[in-house]
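What follows is the residue order along each chain.
Protein chains: 2
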Amino acid sequence: MQTNLSLQDAQLAVLDRIELLPTETISTQLAYGRVLAETIVSTRTIPPWDCSAMDGYAIRSKDLLTVANEGPIPLKLVFEVAAGGRPLRRLETGEAARIFTGAQIPPGADTVVPQEDVKRTGEKIEFTRAVLSGEHVRFAGEDVKDGDQILSHGSILRSPQLGLLASVGRTLVPVVQRPSVAIVSGGDELVEPDQDLRKGGIIASNAYAIAAECASFDIKPRNLGIAEDRPEDLQRLIRSGLNSDVLISTAGVSVGDHDNVRPVLKEMGCDFHFWGVRMKPGFPVLFGSFPNGPIVFGLPGNPVSSLVTFLKLVRPALRKMCGFKNLYLPTSKAVLLESMEKKPGRRHFVRVLFENHNGRLGVRSTGNQSSGVLRSMATADGLLDFPEKESHLSRGSEVLVHLLKEDFVS
Amino acid sequence: MQTNLSLQDAQLAVLDRIELLPTETISTQLAYGRVLAETIVSTRTIPPWDCSAMDGYAIRSKDLLTVANEGPIPLKLVFEVAAGGRPLRRLETGEAARIFTGAQIPPGADTVVPQEDVKRTGEKIEFTRAVLSGEHVRFAGEDVKDGDQILSHGSILRSPQLGLLASVGRTLVPVVQRPSVAIVSGGDELVEPDQDLRKGGIIASNAYAIAAECASFDIKPRNLGIAEDRPEDLQRLIRSGLNSDVLISTAGVSVGDHDNVRPVLKEMGCDFHFWGVRMKPGFPVLFGSFPNGPIVFGLPGNPVSSLVTFLKLVRPALRKMCGFKNLYLPTSKAVLLESMEKKPGRRHFVRVLFENHNGRLGVRSTGNQSSGVLRSMATADGLLDFPEKESHLSRGSEVLVHLLKEDFVS
Chain A
84 MQTNLSLQDA QLAVLDRIEL LPTETISTQL AYGRVLAETI VSTRTIPPWD
134 CSAMDGYAIR SKDLLTVANE GPIPLKLVFE VAAGGRPLRR LETGEAARIF
184 TGAQIPPGAD TVVPQEDVKR TGEKIEFTRA VLSGEHVRFA GEDVKDGDQI
234 LSHGSILRSP QLGLLASVGR TLVPVVQRPS VAIVSGGDEL VEPDQDLRKG
284 GIIASNAYAI AAECASFDIK PRNLGIAEDR PEDLQRLIRS GLNSDVLIST
334 AGVSVGDHDN VRPVLKEMGC DFHFWGVRMK PGFPVLFGSF PNGPIVFGLP
384 GNPVSSLVTF LKLVRPALRK MCGFKNLYLP TSKAVLLESM EKKPGRRHFV
434 RVLFENHNGR LGVRSTGNQS SGVLRSMATA DGLLDFPEKE SHLSRGSEVL
484 VHLLKEDFVS
Chain B
84 MQTNLSLQDA QLAVLDRIEL LPTETISTQL AYGRVLAETI VSTRTIPPWD
134 CSAMDGYAIR SKDLLTVANE GPIPLKLVFE VAAGGRPLRR LETGEAARIF
184 TGAQIPPGAD TVVPQEDVKR TGEKIEFTRA VLSGEHVRFA GEDVKDGDQI
234 LSHGSILRSP QLGLLASVGR TLVPVVQRPS VAIVSGGDEL VEPDQDLRKG
284 GIIASNAYAI AAECASFDIK PRNLGIAEDR PEDLQRLIRS GLNSDVLIST
334 AGVSVGDHDN VRPVLKEMGC DFHFWGVRMK PGFPVLFGSF PNGPIVFGLP
384 GNPVSSLVTF LKLVRPALRK MCGFKNLYLP TSKAVLLESM EKKPGRRHFV
434 RVLFENHNGR LGVRSTGNQS SGVLRSMATA DGLLDFPEKE SHLSRGSEVL
484 VHLLKEDFVS
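Protein sequences appear in the order of chains A and B. Residue numbers for the first sequence follow this note's numbering, beginning at 84 and rising by one. Residue numbers for the second sequence follow this note's numbering, beginning at 84 and rising by one.
Be careful, since some hints might not be right.
Since the list can't tell identical chains apart, any single copy or any two copies may satisfy a pair.
Stated by the list, open to error - Below, a list of computed lysine-lysine pairs in the DSSO-like style, where the Cα atoms sit at most 27 Å apart:
id	residue 1	residue 2
1	425	303
2	426	363
3	363	349
4	472	363
5	228	426
6	426	303
7	202	426
8	403	202
9	488	228
10	159	426
11	228	363
12	349	207
13	488	408
14	207	159
15	488	363
16	145	202
17	488	303
18	202	416
19	202	303
20	408	207
21	488	403
22	416	488
23	349	408
By construction, these hints were calculated from the structure, which means they are not laboratory data. Model, not experiment: these values are computed from the prediction.
If we strip away everything but chain A, and leave its shape as in the complex, we get (with noise of 0.2 Å):
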């Protein structure tokens, strides 16, 4: 087991050990945000045939082409066609068509004059200029040929790509499944939100922080409740989620008596990957998987520390299974509006405010960041990222930050 690592070598880790989850066929009108696992070809044409696309009338152009000089052209009005109607039969020479929006073109005619264009009194119908073959028409397959691959492989459906399914009738569509996660939260001092404090002290609420981060990518994680600081009642838990694609547990991964995780998990047959990361909040990160089992996530107990770690760690490896190609955070340059110190050998991930500075991005601490202090997470819009090996940022320099909140773009 690998000890004390980068938070980079610590990811590539992760990254090395996740694969792309198999593949599951769902309804394309529950598939929004899911990755499409197949590239999708086309068994249709769209439009099916040359349509027009205006209300007016089906001519053809060469009828029309002495126009300009012998002034309006009458044209003889044989059928309809109605949006969705069939043409009854071929247009031929010095006839026009009423037709609609999405009505097939009739064999013979080769493009549409617009209704406002045309002088109509009574059934006659005058022409005042020329038009160019193919004018207010879709052309047969201009969207999509039967054959035609629509949608590769790795999309993100979304809008378009759900109305495209939709308009070549496909109504199941394959998709890259989503993991199972569970969540064990570890510490006699624990307690259910509901529950009274005075039993203990402090409420889980690291299990419904994870969960909500999961559901931003509609994720559902199963909250497994919490272990108290005896081995066997850990154990209990845990073997409950063994049958999930991702286990994670909070608290009791240090070095403590009561830190029961790594002994139990080991007990139970885990192989541990790598112990402890150089990052702060958050160095004792434990990642596991069992053989033929769970991947393990073991994180730290304090609420910040266990958000940022998923965050940096257990997200990616998330999304990784998801079929995501876009795994970590977004992140921006940004301008320091303060300067910061810190000792260097680990990489800090300090909580700042976003402002304007002179139309750029600047950036503040939020204040206090204790990692037992989630409220700092609340506020904070960003992660400013805090170099390993540096001991200060001086006001106004380059730093790097990830983006907290989705609808944030500088």
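With chain A's structure known, arrange chain B on it following the hints.
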């Protein structure tokens, strides 16, 4: 009724008539992405008492004042405080208590020495360095005090906010309601995706694309189905959606013989606020409302027109109802990598692809900009905003783009 508005005027006219929806109380576990409808005041203190941030020994810092001059100082281990447990009694001079992360600091003690910093031989514990008062102590109320406003009205509930709500025992949360939305598709040429194309020719895919767009902020519209080109049929469907907050129709809103949306809505008592917006794709857009009934949007029938008018006019309205502050798609400046031409008089939204251009965001057209071609919308990264009055944009000029993929950040 106003006609032929600029998009900006149309957007203002829409938002002017939209009100925030009322409050509902839901489970905190189901509240991801929702907007908080009240300011949340904590009725708890976190941590509830001074507690240890480490596994180690609670002591009186004054007992170690002389350690630098006189060498290691032994203290008498008198009791243990387990996580979640209470101290047995007050700590007196010369005494130490074994303490675990999260456990209450005993009265009399004022600091914690981590276990790795002491020399322990059997029952004998020696302290080898002086410590300050308050080291490794999380003070009562450090995160939240009883009576603190922890989250303000209008906050979007993401992982830190939901963790914080859990941590103060709020298992239920007041949020802004989501609007109920109903979608009607119009036209004899339309069929549902699982029906035989020979009936009509065009699949009613707009309802699916719009529903997916709504799903991106957790609204699940009802798809009321396809109205035939008879006024009675359209009226029947619209009537079935009058119990919604928002009614969206696609197609049939122009001025053709079969464009029934306007006459039918008028007959049913809908007030019209505007028709016709100087944008492309998407000029024929109707905005109206039923007295004591739904807001109504009549969108064009072409797939790209319906989606772009949805994004520019309906989405902001729905988001305002939901309590979001960011109503519009995020935007970015970009470098245009090819020249573009259009007629002045309408604001165009050109589907573009993004590429890296010497470290800046570069954009070029997806190609075919026909409003029938949904496929170009599926590949597009953004919509270039080609201003109403302009007719030419030069290669290399700076342009504004609206981002279609929320995971893109420049």
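Here is how each hint holds up against the structure:
1. 425 x 303: neither (37 Å within a copy, 48 Å between copies)
2. 426 x 363: This pair counts as within: shortest intra-copy Cα distance 11 Å, inter-copy 56 Å.
3. 363 x 349: within (26 Å within a copy, 63 Å between copies)
4. 472 x 363: Classified as within: same-chain Cα gap 13 Å, cross-chain 53 Å, threshold 27 Å.
5. 228 x 426: neither (62 Å within a copy, 30 Å between copies)
6. 426 x 303: neither (38 Å within a copy, 50 Å between copies)
7. 202 x 426: Intra 83 Å, inter 25 Å, cutoff 27 Å: inter-copy only.
8. 403 x 202: Result: close neither inside a copy nor across copies, 62 Å intra and 46 Å inter.
9. 488 x 228: Only across copies: residue 488 and residue 228 sit 26 Å apart there, 40 Å inside one copy, limit 27 Å.
10. 159 x 426: So residue 159 and residue 426 fail the 27 Å test inside a copy (89 Å) and across (34 Å) alike.
11. 228 x 363: between (54 Å within a copy, 25 Å between copies)
12. 349 x 207: neither (91 Å within a copy, 31 Å between copies)
13. 488 x 408: Classified as both; 19 Å inside a copy, 13 Å across copies.
14. 207 x 159: Within. Shortest intra-copy distance 7 Å satisfies the 27 Å Cα cut-off; inter-copy 112 Å does not.
15. 488 x 363: Intra 20 Å, inter 31 Å, cutoff 27 Å: intra-copy only.
16. 145 x 202: This pair counts as within: shortest intra-copy Cα distance 19 Å, inter-copy 103 Å.
17. 488 x 303: So residue 488 and residue 303 pass the 27 Å test inside a copy (20 Å) and across (23 Å) alike.
18. 202 x 416: Result: close neither inside a copy nor across copies, 61 Å intra and 46 Å inter.
19. 202 x 303: Result: close neither inside a copy nor across copies, 63 Å intra and 46 Å inter.
20. 408 x 207: Neither: 61 Å inside a copy, 56 Å across copies.
21. 488 x 403: both (20 Å within a copy, 18 Å between copies)
22. 416 x 488: Both ways: residue 416 and residue 488 sit 15 Å apart in one copy and 20 Å across, limit 27 Å.
23. 349 x 408: Result: close neither inside a copy nor across copies, 33 Å intra and 49 Å inter.
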